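A.B. asks: Sequence:
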Amino acid sequence: MDKSKRLFLKKKKKKRSFRRPLPPIQPGDRIDPKNISLISQFISQQGKILSRRVTRLTLKQQRFITLTIKHARILALLPFLDNEKKLKRTKPSARTTGLRTRKRTKPTARTTGLRTINK
1 MDKSKRLFLK
11 KKKKKRSFRR
21 PLPPIQPGDR
31 IDPKNISLIS
41 QFISQQGKIL
51 SRRVTRLTLK
61 QQRFITLTIK
71 HARILALLPF
81 LDNEKKLKRT
91 KPSARTTGLR
101 TRKRTKPTAR
111 TTGLRTINK
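Under the UniProt record's numbering, think of the first position of the sequence shown as 1, with each following residue one higher.
Don't read these hints as lab results, they were simulated from the structure. It should be emphasised that the depicted structure is a prediction, and the values quoted were computed from it without experimental measurement. The reader is advised that the hints may include incorrect statements.
Stated by the list, open to error - Here are the computed lysine-lysine pairs in the DSS-like style, where the Cα-Cα straight-line distance is at most 27 Å:
| # | residue 1 | residue 2 |
| --- | --- | --- |
| 1 | 34 | 70 |
| 2 | 13 | 34 |
| 3 | 48 | 70 |
| 4 | 91 | 103 |
| 5 | 34 | 60 |
| 6 | 48 | 60 |
Claimed, not checked - Here are the in silico distance ranges between beta carbons for each label pair:
| # | residue 1 | residue 2 | range |
| --- | --- | --- | --- |
| 7 | 23 | 82 | 20 to 28 Å |
| 8 | 108 | 66 | 40 to 48 Å |
| 9 | 92 | 49 | 18 to 26 Å |
| 10 | 16 | 92 | 58 to 66 Å |
| 11 | 34 | 58 | 54 to 62 Å |
| 12 | 79 | 56 | 32 to 40 Å |
| 13 | 75 | 28 | 40 to 48 Å |
| 14 | 13 | 36 | 42 to 50 Å |
| 15 | 67 | 92 | 19 to 27 Å |
| 16 | 32 | 91 | 55 to 63 Å |
| 17 | 15 | 49 | 22 to 30 Å |
A virtual CB, placed ideally from N, CA and C, is assigned to each residue, including glycine.
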């Protein structure tokens, strides 16, 4: 085959070496509600527990971390919410327009007829 006829064939690229990053929990790590530096790796900015896909934990580790985070929240070592906007109370603002009143409509034949039937 000529080179002009081999346009659809691509050159093979060399495979790069791929190395998975180490798991966040090592065998010697102590998972404890008081170990906040370890627990905080598995909590988002908003205070939510991150998923297994994000944290790269096994199912057993994820369950244990979830329980540990919940225990730490109950012991008041971690906040339930980390979003400060929700925690702060806003100052009530005065209404610029007056209070709206409901407009009364005149009774129609349809509504008055229903009232007489129900009596």
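A.B. asks: All hints are to be evaluated individually against the structure, with a verdict given for each.
C.D. replies: Verification of the supplied hints:
no., hint, in the structure
1, 34 with 70, "holds, 12 Å"
2, 13 with 34, "violated, 49 Å"
3, 48 with 70, "holds, 11 Å"
4, 91 with 103, "violated, 31 Å"
5, 34 with 60, "holds, 20 Å"
6, 48 with 60, "holds, 19 Å"
7, 23 with 82: 20 to 28 Å, "holds, 25 Å"
8, 108 with 66: 40 to 48 Å, "violated, 60 Å"
9, 92 with 49: 18 to 26 Å, "violated, 34 Å"
10, 16 with 92: 58 to 66 Å, "holds, 60 Å"
11, 34 with 58: 54 to 62 Å, "violated, 23 Å"
12, 79 with 56: 32 to 40 Å, "violated, 25 Å"
13, 75 with 28: 40 to 48 Å, "violated, 24 Å"
14, 13 with 36: 42 to 50 Å, "holds, 45 Å"
15, 67 with 92: 19 to 27 Å, "violated, 40 Å"
16, 32 with 91: 55 to 63 Å, "violated, 41 Å"
17, 15 with 49: 22 to 30 Å, "violated, 36 Å"
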